[in-house]
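Engineer: Sequence:
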Amino acid sequence: MPELPEVETVRRTLESRILGARVDRAAVRRRDVIEGPATARALLEGDEVASLRRRGKQLAILGSSGRVALVHLGMTGSLVASDAEPPADDPHVHAVWKLRTTSGAAVWMRFRDPRRFGGLWTLRSPGALEQRWKDLGPDGLDITGPDLVNALGPSKRPVKAALLDQRAVAGVGNIYADEALFLAGIHPARRCRTLRADEWARLSDALRGVLLASIQQGGTTFRDFVDGEGRGGGYQARRLVYGRGAEPCLACSGRLRSVTIGGRTTVYCPTCQPSRRSSKPVIHRPFTVGGELGVVIRPDLGLPRVNEVAGSLTHR
DNA sequence: AACACCGCCTGAGCGC
DNA sequence: TGCGCTCAGGCGGTGT
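Numbered per my numbering, the first sequence spans residues 1 to 316.
Among these hints, one or two may not hold up.
Each pair of labels, with its calculated beta carbon distance range [to be verified]: (1) 127 / 260: 38 to 44 angstroms; (2) 142 / 230: 26 to 32 angstroms; (3) 132 / 253: 44 to 50 angstroms; (4) 142 / 75: 21 to 27 angstroms; (5) 106 / 144: 41 to 47 angstroms; (6) 124 / 194: 40 to 46 angstroms.
Worth flagging that the hints you see were computed from the coordinates, not collected in a lab.
Backbone N, C-alpha and C define an ideal beta-carbon position, used for all residues, glycine too.
Make the full structure from the sequences, and use the hints.
Structural biologist: Spelled out as structure tokens, the structure:
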């Protein structure tokens with residue numbers, strides 16, 4: 001499920017392969033996944049790949065002419081570069097590029113998306129890209145407590161539902177919303193307006209931390225996700241709550257609960273994430289020690305420690 | 001204006 | 001073995 005860490009992983013793996021490469025051919029196999037002109041030229045044929053940029057879950061490939069191919073992977077989308085041409089009979093490959101790298105090697109890149117929740121946009125210029133991105137909130141890797149207060153402070157929505165709003169923070173999906181709320185010790189159904197500044201700060205720390213930690217593992221592969229080289233990620237082994245409904249909490253050993261909030265499956269620990277603020281400290285909740293968050297998780301299980309997550313935060 | 005909710009789409013997983 | 005059902009969810013559109 002490509003969220004920010006997965007898309008960033010794709011961006012990095014593709015960048016190492018196709019940056020500077022010339023697009024010899026661009027071919028559309030399924031027109032209705034593309035918005036904007038679906039011509040070879042609009043899909044960067046004749047251009048060199050000038051840069052790959054990401055905002056939230058969206059990945060932009062900028063060409064030397066200024067044209068932009070913008071990709072959203074949706075639920076099941078993948079963008080993979082390889083030495084081989086993708087099979088012509090794969091009904092889920094919607095666009096194919098043939099590139100030549102600076103060293104002269106041929107590389108095939110294909111956009112594949114069985115469920116077609118994703119898509120491809122062709123844009124004329126970097127300015128058009130900025131225009132498309134202007135409605136997105138700050139990128140999840142940059143999010144701060146004040147950003148969240150600013151976007152969501154007065155909202156009556158459950159905080160879990162609000163975190164999925166890309167106008168508030170770009171790049172967070174169901175997996176990392178649940179993970180971050182657990183790390184921050186915040187109940188997912190709490191209304192935004194009941195959160196205090198210190199809780200928003202803790203939540204923004206948890207979000208940046210979990211997103212960064214996942215990027216370091218190459219993202220989360222639950223079913224479909226693969227990076228730009230076709231490899232799966234490793235963060236699924238470090239999940240704390242997502243997909244673990246009714247299993248024991250890794251912090252307190254209580255039973256995790258699975259509910260629906262904002263139409264999304266939501267897993268949380270009723271003990272570690274109390275539904276109202278309590279003056280009683282929860283011992284395994286993230287806490288600050290010498291400027292770093294404390295350890296929450298049982299290291300014997302090989303799962304992430306919050307201070308490991310925070311380690312990557314402190315040098316931001 | 002803010003928020004809730006539907007429908008798009010396919011494949012995996014499950015019960016029988 | 002195979003069939004049919006449910007579920008997964010990002011996001012845009014529509015309804016309240």
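Engineer: A separate judgement is required for each hint: does it hold in the structure or not?
Structural biologist: Here is what the structure says about each hint:
For the pair residue 127 and residue 260, the beta carbons lie near 40 angstroms from each other, so the given range of 38 to 44 angstroms is met. Our hint of 26 to 32 angstroms for residue 142 and residue 230 holds, since their Cβ atoms are close to 29 angstroms apart. In this structure the supplied range 44 to 50 angstroms holds for residue 132 paired with residue 253, their Cβ-Cβ distance being about 46 angstroms. A hinted range of 21 to 27 angstroms holds for the C-beta pair residue 142 and residue 75, which are about 25 angstroms apart.
With their beta carbons about 44 angstroms apart, residue 106 and residue 144 fall inside the hinted range of 41 to 47 angstroms. Distance hint check: the CB atoms of residue 124 and residue 194 are about 45 angstroms apart, consistent with the given range 40 to 46 angstroms.
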